[in-house]
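Trainee: Could you build the full structure based on these sequences and the hints that come with them?
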Amino acid sequence: MNFFKRDDGVLDVITKAITVVSFIFGIWIYFHTIHPVFQKESELQDLRKDKVNIQTDNERLGKETAKIKNDLHIQTEKIKDLNERAGNLSLEIESKNSELASINEKLETAHNEAVLSKLNLIMDKIIS
107 MNFFKRDDGV LDVITKAITV VSFIFGIWIY FHTIHPVFQK ESELQDLRKD KVNIQTDNER
167 LGKETAKIKN DLHIQTEKIK DLNERAGNLS LEIESKNSEL ASINEKLETA HNEAVLSKLN
227 LIMDKIIS
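Residue numbering for the sequence shown follows the working numbering, starting at 107 and increasing by one per position.
Simulated from the structure, these hints should not be mistaken for lab results. Quantities reported herein were computed from a predicted structural model and do not represent experimental measurements. Please note that a few of the clues may not be correct.
Lysine-lysine pairs mimicking PhoX-like chemistry, simulated, CA-CA at most 20 Å apart [claimed, not checked]:
(1) K169 <-> K157
(2) K184 <-> K173
(3) K186 <-> K175
(4) K224 <-> K212
(5) K212 <-> K202
(6) K146 <-> K157
The calculated label-pair distances, taken between Cβ atoms and stated as ranges, are [said to hold, decoys possible]:
(7) Q181 <-> K202: 25 to 35 Å
(8) S128 <-> Q151: 30 to 40 Å
(9) I174 <-> Q151: 33 to 43 Å
We put the beta carbon where it would ideally sit given N, CA and C, even for glycine.
Mentor: Here it is in structure tokens:
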């Protein structure tokens, strides 16, 4: 199946050549005008989907951020309470240590007095 035949005249050859060139030009026009519009529309739809996904992610991250901030606030309050409690316990420890030192001092004094009393009793028995 030959497109050009031997018995075709000059006008027939020119007509067929113009048809081929017009067909090729039509394909070229399609790929440089209509096809890019479809591609842009497809890309626009993809971008819209991406925008929705990004908005959804942004909302989710906003909620997570709010939750984390709330948790941080709660933990900060707990830390403040624990620090206050530690300070109170430290004061209580100092008070108890002071009380213990006083009791030990009294115990030492009582022990010394008991020893002296015992020695005095023994001396009185020896003397009498």
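Trainee: Give a verdict on every hint.
Mentor: Structure-based check of all given hints:
Note on K169 and K157: the hinted pairing holds, with a Cα-Cα distance of about 18 Å set against a maximum of 20 Å. Between K184 and K173 the CA atoms are separated by roughly 16 Å; this keeps the pair inside 20 Å, and the hint holds. With a C-alpha separation of about 16 Å, the suggested pairing of K186 with K175 holds against the 20 Å cut-off. Annotation: proposed proximity of K224 to K212 holds, straight-line Cα distance about 18 Å (limit 20 Å).
Taken as a hint, the K212 and K202 pair is honoured in the structure, with Cα atoms around 15 Å apart against an allowance of 20 Å. For the given pair, K146 sits about 16 Å from K157 by alpha-carbon distance, which is consistent with the 20 Å threshold. Between Q181 and K202 the C-beta distance comes to about 30 Å, which sits within the given range of 25 to 35 Å. Distance hint check for S128 and Q151: the Cβ-Cβ separation is about 33 Å, which falls inside the suggested range of 30 to 40 Å.
Checked against the given bound of 33 to 43 Å, the beta carbons of I174 and Q151, roughly 34 Å apart, stay inside it.
The structure shown violates none of the earlier numbered hints.
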